[in-house]
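> Chain by chain, the residues run as shown.
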Amino acid sequence: MGNFKSTFSSTLGKKLIMALTGLFLCTFLIVHLVGNLQIFSHDGGKAFNEYSYFMTHFPPIKIISYLLYASIIIHAVYALILTLHNQKARPVKYAVYEGGKNASWSSRNMGILGTVLLIFIVTHMANFWFKYHNDMVPFVEYRTSLQTGETTVKEIPASEFRDFVKYVDNGVEIVRAKDLYQQVSYAFQNVWLVILYVVAMAAMGFHLYHGFWSAFQTFGWDHKKYMPIVSFLGVWVFAVLIPLGFAAMPLYVYFTK
Amino acid sequence: MILDAKIPEGPLAEKWSKHKFNLKLVNPANKRKYTVIVVGTGLAGSSAAASLAELGYNVKAFCFQDSPRRAHSIAAQGGINAAKNYRNDGDSVYRLFYDTIKGGDYRAREANVYRLAEVSVDIIDQCVAQGVPFAREYGGLLDNRSFGGAQVSRTFYARGQTGQQLLLGAYSALNRQIHEGKVKMYNRHEMLDVVVADGKAQGIVTRDLIDGTIETHAAHAVLLCTGGYGNVFYLSTNAMGCNVTAAWKAHKRGAYFANPCFTQIHPTCIPVTGDHQSKLTLMSESLRNDGRVWAPKTPEMAERLRKGEIKVADIKEEDRDYFLERKYPSFGNLVPRDVASRNAKEAVDEGKGVGSSGKAVFLDFADAIKRLGEDTVREKYGNLFDMYYQITDENPYKQPMRIYPAVHYTMGGLWVDYNLQTTVQGLYCLGEANFSDHGANRLGASALMQGLADGYFVIPYTVGDYLATIGPKPIDDKHPAFAEAKKSVEEKIAKLLSLKGTKTVDDYHRELGIIMWEYCGMARNEAGLTKAKGLIRELREDFWKNVIVLGKNEEFNQSLEKAIRVADFLELGELMVDDALQRRESCGGHFREESQTEEGEAKRDDENFAFAAAWEYKGYGEQEELHKEELVFENVKLTQRSYK
Amino acid sequence: MSKHMNLTIKVWRQKNVQDKGGFKTYKADNIADDMSFLEMLDVVNEGLTKKGEDPIHFDHDCREGICGMCSLYINGRPHGPKTAITTCQLHMRSFNDGETITIEPWRSGAFPVIKDLAVDRTAFDRIQQAGGYVSVNTGGIPDANEIPVPKPIADEAFNSATCIGCGACVAACKNGSAMLFVSAKISQMALLPQGQQERYQRAQAMVNQMDTEGFGSCTNTGACEVECPKEISLTNIARMNREYFTAKFFKEEEMH
Chain A
70 MGNFKSTFSS TLGKKLIMAL TGLFLCTFLI VHLVGNLQIF SHDGGKAFNE
120 YSYFMTHFPP IKIISYLLYA SIIIHAVYAL ILTLHNQKAR PVKYAVYEGG
170 KNASWSSRNM GILGTVLLIF IVTHMANFWF KYHNDMVPFV EYRTSLQTGE
220 TTVKEIPASE FRDFVKYVDN GVEIVRAKDL YQQVSYAFQN VWLVILYVVA
270 MAAMGFHLYH GFWSAFQTFG WDHKKYMPIV SFLGVWVFAV LIPLGFAAMP
320 LYVYFTK
Chain B
2 MILDAKIPEG PLAEKWSKHK FNLKLVNPAN KRKYTVIVVG TGLAGSSAAA
52 SLAELGYNVK AFCFQDSPRR AHSIAAQGGI NAAKNYRNDG DSVYRLFYDT
102 IKGGDYRARE ANVYRLAEVS VDIIDQCVAQ GVPFAREYGG LLDNRSFGGA
152 QVSRTFYARG QTGQQLLLGA YSALNRQIHE GKVKMYNRHE MLDVVVADGK
202 AQGIVTRDLI DGTIETHAAH AVLLCTGGYG NVFYLSTNAM GCNVTAAWKA
252 HKRGAYFANP CFTQIHPTCI PVTGDHQSKL TLMSESLRND GRVWAPKTPE
302 MAERLRKGEI KVADIKEEDR DYFLERKYPS FGNLVPRDVA SRNAKEAVDE
352 GKGVGSSGKA VFLDFADAIK RLGEDTVREK YGNLFDMYYQ ITDENPYKQP
402 MRIYPAVHYT MGGLWVDYNL QTTVQGLYCL GEANFSDHGA NRLGASALMQ
452 GLADGYFVIP YTVGDYLATI GPKPIDDKHP AFAEAKKSVE EKIAKLLSLK
502 GTKTVDDYHR ELGIIMWEYC GMARNEAGLT KAKGLIRELR EDFWKNVIVL
552 GKNEEFNQSL EKAIRVADFL ELGELMVDDA LQRRESCGGH FREESQTEEG
602 EAKRDDENFA FAAAWEYKGY GEQEELHKEE LVFENVKLTQ RSYK
Chain C
968 MSKHMNLTIK VWRQKNVQDK GGFKTYKADN IADDMSFLEM LDVVNEGLTK
1018 KGEDPIHFDH DCREGICGMC SLYINGRPHG PKTAITTCQL HMRSFNDGET
1068 ITIEPWRSGA FPVIKDLAVD RTAFDRIQQA GGYVSVNTGG IPDANEIPVP
1118 KPIADEAFNS ATCIGCGACV AACKNGSAML FVSAKISQMA LLPQGQQERY
1168 QRAQAMVNQM DTEGFGSCTN TGACEVECPK EISLTNIARM NREYFTAKFF
1218 KEEEMH
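Chains as they are written, first to last, in the numbering used here: chain A, 70 to 326; chain B, 2 to 645; chain C, 968 to 1223.
These are computed hints drawn from the structure, not numbers from a lab. The beta-carbon is built from N, C-alpha and C at its ideal position, and this holds for glycine as well. One should not assume that every hint holds.
Restricting the straight-line Cα-Cα distance to at most 25 Å, the calculated cross-link-like pairs of lysine to any residue (SDA-like) are [as the list claims (entries may be wrong)]: (1) K185(B) x E1165(C); (2) K1118(C) x G620(B); (3) K546(B) x K1017(C); (4) K532(B) x N396(B); (5) K1118(C) x T640(B); (6) K381(B) x K1049(C); (7) K293(A) x R379(B).
Negatives, chain B to chain C, calculated, CB over 10 Å [claimed, not checked]: (8) D67; (9) G140; (10) R160; (11) F332.
So here's chain A without its partners, still in its complex pose (with noise of 0.2 Å):
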């Protein structure tokens, strides 16, 4: 155990903390990324809440979920021992410091980036993770005609919910759910929120603009011929495809709805 210890304390075996918790995490954007886009759905809300239901009771998930959660509180918190770590090591600073002429803007701002990411996080969890997890979302009911396909959306009180149910009864699919559809199209009627979220992706945008790549690096994964395809994805997919889907979603709530 000495030697793991030792490892992991070493400025090597703490930044392979932050890129293994980094790569996690995302991995997780794009199962995320992909569950959301239920939101573009013209069903009232009714595959996002299924979805939704899924992802918070399905157990590997669930198990998963936890992993993501402990992940993103190690990255922060390694990411502050590290800054820590690092100002010590430079005691007297710069008087002139042309940083931008020999590393990239991002790769120089991960600390800034990835602050204003949790401070996105949290308040995207307390905005629908906290509240879906305490009842404080509406709740709905979905009745589809198996024949004509056509479903009908009912608010119901929170006396008449149990729990999430799926039947078919007469023909009719009905579905009883938390309605976080509805919380996002509310909550995304705040343009202050909509500016945070936008913003909050172009953070992530350069934050896996380096964050990306820079894992592979520090796991020594660097090969000639694989690591022009880990910076195309790193740049392409993570750094633009999937921040500008995930800033999609309240802009496109807050100019539809």
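Following the hints, put chains B and C in place on chain A, whose structure we already have.
What follows is chains B and C alone, placed relative to chain A:
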């Protein structure tokens, strides 16, 4: 005192093996009872310190730089010779020996040179085993190139950074011993005197360059591996810190200084641009493998070029004088360094020089680029071209380089016997700091070879013999010689700091350099040398009255460091002039205008000057006494060098 | 013909390691554009000396870009505004008449200032001493050609081996990390067959010493690679990480 070179008996090829057998050995259990001091951590110093520590001796190593890795061996570019004959082109130990003796213009000791050639092969093995990344061929084996006029390809190289890679190899071996606790390393320490007690070197006096602490260190033997004294010329390709102080102090304590006038002037350096110039930059002479040296045919044309009335491209092929190719058809641009340098100087003296100062000739790659393509040329010389571009702001792919000779290496140094021991017992001298292997001119890629040969493969045997003789009794550092040496250093420093004059150390150094270059440079004559002797004396006297050295001893004080070094250069300069005066012949790097053939080539006088001149110090300002070590050539026939 | 210019230099002056230090401003007049940066400082120092003022102390030696001794942080960048060169190779033509140039020492806790612009880089030596070698004694070595090395590998090892140990990587890094330096040596040895015997213990020992010296940790900004006068590549750091993690997680070799 009669100089005894202690050359072993027997046939040349067996001398070293026999000698090694005859040398006494130190009992392995006793080795840890000995301390050896190594001053300087270049190729010779690092390799010696590491090898001796591996054997079990305690080593104290000193360097004035901030790290042993920065010694000036690091700057050697071209390569290292070894008689491996990997190319099947007719090389052999004997041929390397022969080439070195001949290249040195028959002023080196046969036995030493043969040993050098013999151990050269082991050096390559050693370096490869350490992980030195020599250039390789696609088959994975080592690559070689022909270098500096050699007619076989025996030079191993690591791009243009061979010295760096070899030094880092030796430095890594040294580091391993520091890690093991066998070497105690003193960075930023300068040796300022040798302690000679009861006729034996028993320690040194050093100054800690950071806080000025002056202390003595005792040891059973002292090895000086402190490099050459080319900086006596102020402008040279040496590093700014290179100095003669350690060797000079040893000289003053009884070590004879041999052949001080033998200086090598390297032909392919970047010309001087102005008075502010602090050093000269050498470009590997491998450039001469593909570059062609020329000057405009007439002084008139050269003048128009200098004034900017015409451009290089305007000079037609027939108006270009490829003087080396013209005068030496069989060697062409690859003539030895001294010949190439002298011819460049001649062209300049005739008014055919180019560049704003007029003190340069061209080294042209246009043909090579045409023949090989720019990419191949870049691959071979890219780093040198970049360096040239960086310094001159001229693109050598588009216009010829301007080159001019510069002081590069000093063949002279402390006199040593076959065991590398100076005339002071227990005081050894290795590498460029000694005089032993290169005669009057050093071949390209041989300096690295000698430094490592001395450090890895000679000194571990020979110093053992001495140590076994004196026995492992601890050195008594209470001996009055220690206190006396320390006091003399302190007094000298106090004197320098008390002067408060009007001229800076650099002013004196620059002036000394001009005198040396003018009168004791590429061509020397009786009248000039005599004049120089007077000038140096005057300058030295003035220095001791009028120099400004600010600050105090007990601090990091670079002016003081420089002042101590320049004070010694001012003494050495005079000895160099004395040596050049007495050697009324031309040989190798020493060209006496009075001694030349009808064609203006150097003319040796073997009858009167086939000796090594070893000078004995007689006191400050006194004429030194000359001792001659006659050079006996039993294996090679002395011929006039001809590169026609 | 060379042009001349008048400059103002703002230089960090600090008497010794205990002193707090601060900036002082000097005039550097009539500076030729073909002077090297260090020659410009020589000129200023000559002037200061003649006025009886302590000259500006800075480290330098070979002045041909290979010894790694020069070390100035010029206008916010190590070795000044150009890339792939050391300060001694920087020429005044890279500056403009009337310009103010700020000169600072390398800033790193592991490189304490000795005086003015000179810093103590022995931390680098200690890292090398921890394992930057192949443990072979002098003599008793097989013939050099008994150890073939494929040319691409030899070239790659050479690229890593060109490090001059100047410390610009540390100076450039916003974290004061020495990983480019450390990784260059680990890489050289990891690539070559000669380095295999101690490959894994070496990586551990050198990284361990690097941490002991108090250097910062790498955030892969790549500033070191850009400022390295020998253009040592960031690939080396990845390789070092690989070596270190392999050693720590999959090998049994310990540091010796």
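> If a hint holds in the structure, say so; if it does not, say that too.
How the hints compare with the structure:
no. : hint               : in the structure
1   : K185(B) x E1165(C) : holds (24 Å)
2   : K1118(C) x G620(B) : violated (57 Å)
3   : K546(B) x K1017(C) : holds (15 Å)
4   : K532(B) x N396(B)  : violated (42 Å)
5   : K1118(C) x T640(B) : violated (42 Å)
6   : K381(B) x K1049(C) : holds (24 Å)
7   : K293(A) x R379(B)  : holds (24 Å)
8   : D67                : violated (6 Å)
9   : G140               : violated (7 Å)
10  : R160               : violated (7 Å)
11  : F332               : holds (28 Å)
Checked against the numbered hints above, the structure breaks hints 2, 4, 5, 8, 9, 10 and satisfies the rest.
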